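Colleague: Assembling the complex is the task here: the two chains are given apart, and the hints tell you how they should meet.
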Amino acid sequence: MEESLFLVVLITGLVLVCAGLGMALLLSPKSFNAQKGQAYECGIPTHGTSWMQFRVGYYLYAILYLMFDVEAVFLFPWATVVRSLGAAGLVSILFFLLILGFGLAYAWKKGALEWK
Amino acid sequence: MLLEISHPAELYHLTNWLDTILQENLPEWGALLVKFVLIGVALLSAYAVIALLLIYGERKITAFFQCRYGPNRVGKWGIIQSVADMIKILIKEIIYIDNVDKFLFYAAPFFVIVASMLTFGAIPFGRGLQAVDFDNGIFYVLAVSSISIIGVLLAGWASNNKYSMIGAMRSGAQFVSYELSAALALMTVVVLSGTMNLSTIVAQQEYVYNWNIVRGHIPAIIAFVLYLISGHAETNRGPFDLPEAESELTAGYHTEYSGLQFGFFYLAEYLNMFIIASIATTVFLGGWQPIQIGVEGFDQIMNYIPSFVWFFGKAFFLVFLSLWVRWTFPRLRIDQLLNLEWKYMLPINMVNLVVMVIVVVYGFYIK
Chain A
768 MEESLFLVVL
778 ITGLVLVCAG
788 LGMALLLSPK
798 SFNAQKGQAY
808 ECGIPTHGTS
818 WMQFRVGYYL
828 YAILYLMFDV
838 EAVFLFPWAT
848 VVRSLGAAGL
858 VSILFFLLIL
868 GFGLAYAWKK
878 GALEWK
Chain B
42 MLLEISHPAE
52 LYHLTNWLDT
62 ILQENLPEWG
72 ALLVKFVLIG
82 VALLSAYAVI
92 ALLLIYGERK
102 ITAFFQCRYG
112 PNRVGKWGII
122 QSVADMIKIL
132 IKEIIYIDNV
142 DKFLFYAAPF
152 FVIVASMLTF
162 GAIPFGRGLQ
172 AVDFDNGIFY
182 VLAVSSISII
192 GVLLAGWASN
202 NKYSMIGAMR
212 SGAQFVSYEL
222 SAALALMTVV
232 VLSGTMNLST
242 IVAQQEYVYN
252 WNIVRGHIPA
262 IIAFVLYLIS
272 GHAETNRGPF
282 DLPEAESELT
292 AGYHTEYSGL
302 QFGFFYLAEY
312 LNMFIIASIA
322 TTVFLGGWQP
332 IQIGVEGFDQ
342 IMNYIPSFVW
352 FFGKAFFLVF
362 LSLWVRWTFP
372 RLRIDQLLNL
382 EWKYMLPINM
392 VNLVVMVIVV
402 VYGFYIK
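Residue numbers (this note's numbering), protein chains in the order written: chain A, 768 to 883; chain B, 42 to 408.
Keep in mind the hints are simulated off the structure, nothing from the lab.
Please read all numbers here as calculations on a predicted model, not as lab measurements.
Where hints are given, some of them may not hold.
To give an idea of the interface, some chain A residues facing chain B are shown, with a C-beta separation under 7 Å as derived from the structure [stated by the list, open to error]:
(1) V776
(2) G780
(3) V784
(4) L793
(5) L794
(6) Y807
(7) G810
(8) Y826
(9) Y828
(10) F841
(11) A846
(12) G853
(13) L857
(14) K877
Under the rule of at most 25 Å between Cα atoms (straight-line distance), these lysine-lysine pairs were calculated in the DSS-like manner [unchecked claim]:
(15) A:K803 with B:K129
(16) A:K797 with B:K129
(17) B:K384 with A:K876
(18) B:K384 with A:K883
(19) B:K143 with B:K133
(20) B:K203 with A:K803
(21) B:K384 with A:K797
(22) B:K143 with A:K803
(23) A:K877 with B:K384
(24) A:K797 with B:K133
(25) B:K384 with A:K803
Listed next, with one range per pair, are the computed distances between beta-carbon atoms [claimed, not checked]:
(26) A:E770 with B:T241: 33 to 39 Å
(27) A:V823 with B:Y110: 47 to 53 Å
(28) A:V823 with B:L145: 47 to 53 Å
(29) A:K797 with B:T103: 32 to 38 Å
(30) A:L792 with B:Q64: 38 to 44 Å
(31) B:Q377 with A:G815: 26 to 32 Å
For each residue, glycine too, the CB sits at the ideal point set by N, CA and C.
The following block holds chain B by itself, in its conformation from the complex (with noise of 0.2 Å):
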């Protein structure tokens, strides 16, 4: 069965094999619940490594754009840096400040975390690996995340310091900005889709002509080079970091937490990274769907390599992407910052809609 022609490799072979051992050895309560721990261990995991090949990933990525080496030490070329570091910040103690809201101070990377752990449940990594599909995916990816913001507020008021209010009211205005672009980009895709559910948005896009990008061309890339914006603003890094200037702001919103909360804090700002780049990639880019150009023995040789090296690929190059832009342009003035959302990006963003319906209404887009 794992030597299937069209599809070797793939992991929905594994989960398929574990659900029928299930549903054989157990009642279906018993089989129902497996499965659920099973999943919950999976999205623990696939978060966790994600992270640390992130963090390894940057630290790499930026030493090389700096002309520096980065981690070197820790392994063959630093590859168990970062899990050194994870380590270190699970053994460091976490400080109990005096004058904090102590309710909200520790709610705070809890809505951090699990608003990004909601998002990262809804992407589809490959062919049927998807924790949660509903029929209005766009729309629950967009309410989840921007549940984080509540967090990254709560942390900066219930802590008391001038430096955490700054840098947490800095961040709500720039992540509520952002959010309407990033919400109206994707808008622009759901009207050449004519769907939110983001299984069926990545079941349309088989070959590359059918790629969103593609396929809505001129509104569509505009929808995707906005999107790209506003989801790196969202993330507060680049030329964005305003939030937590360290120059500035010390260390903005996350100034008073230490040891695993500030980790929190920096691993859900890692995953927010990658959930916008696989949101990007599955709604412009064809998601976990291999380049076939339709022709036979190339679409066959492509369908070989699994669909979740596909998105890895994808979602890591436009990370590598945002990386590119964090370290080349010099950060903004927050009016300078407001002005490019509130002034550019809105209206471009409401014509480009408009542009996208009149080609999906009169058929200009590519079939």
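Just chain A, with the same shape it has in the complex (with noise of 0.2 Å):
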């Protein structure tokens, strides 16, 4: 029942963006003008792609960000049940829980969290 009903939410969203389009696209005026398609960079003309190599700072938060939300996947199901587990759960998540630690301070004095 619940993921027919989560199907139906998701054609909802699908029916909401189709439809919105479709109904832009009877009732908006068209017309053609070839600077029209140009790349709106406040007026001065583009240069060059901006299909290139970026910095490297987002791609390292962005490593970081893996190793915590996976973390965050592993202890959700912990979250679930360590009221029934009692002070055995908090010790045995304790050395995840550590060793995460461990890994963030090691970024923190490398300078991966330092915005350059």
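Modeller: And the structure:
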């Protein structure tokens, strides 16, 4: 039941975009002008493409994010049952959290968290 | 039936009534089909109406923060201004840009809208008003709401415009960073409530002293504040609006979008603001539960107010807080923004999680 409801919501979202775009295409005016299709960079003619190498700082954060997000995936099932596990659950996950904490501390010390 | 004593004026009376009528008059698959269509229509209209209300509310409240009148020409107090804006955006031309990656450019709004719609469907708006109720609801909400960043990155990349590119990259770094804090703050509550099912979480918080923010006292309040900050940052608003900082990047990742395609990004931004507020309401502030203090007569009176009114009241209060923050603080620099997350909020969150586990395991929470 929940899975089919999920599909209903998904289709609702798709219908919203499709119907909106269809309606806009029907209602909106259309005109052609060679300059209209140019990239908008504040009136100055575009210089080259923007599909190029980009600064690596963003990717560093993405990699760090990946590490912590996978950790979150592991922690959620634990968080659901920790109440019944009691102190044993806390102790066993502390190692995991400590290793992660060391990981963050290492990245911090290495300067991965500095925006240069 | 509509005058039931304990909960009059609840929408579940209407849905139950519809359900019985459909069951009696149609074969099983037909009833199911009609119900699915009705759910879709209800979601769509709620989505549109909430967006219109939020846009009007934001413009008006912003105006009062800045000692202006705000919209006041279209209708009494400008009430139908956002309807007029919606019609205007529908009849604007959708401009075709020459050098974009066509497929990705047109796919991007789908990601953004579908992600916010999927999250929207999982919110319990009131007694029996929840479209999708998975057992791992919180996990589901976190998972589908992070799809929207793919749309933003696609929009920025496909536009072939330097402003869009920079905006999308900033947005990506910001979103993924603050996603961690949001996940860990919600995890703190999962530890307290022992379930990820959103309707069970609401059902647990029947009285005010059972609300998760009161029940988990110090760690829960810290988690609440951290969740509000990270949610605020995820929606690219207020002091965290670097991805679309007007004075530097024109409009950020949606610079090249025009007409309704831009409208979709705008819509999703407002809905995401509401979604963050409603998840915070559901998880921390008792969801649709009215303010009940365990005194018979008082609880009875509070129950006369329908549950969805309570829900929207709490959620819009949090939206108001977010507006307040937006118009109070100046914009951060990108290094300050990332430092705030990685050097302050993430370590605090991890320590807070351990504190919450200690509180729960040794029974220090309010029972």
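Colleague: Which hints, by number, does the structure contradict?
Modeller: Violated: hints 4, 7, 8, 10, 14, 21, 25, 26 and 28.
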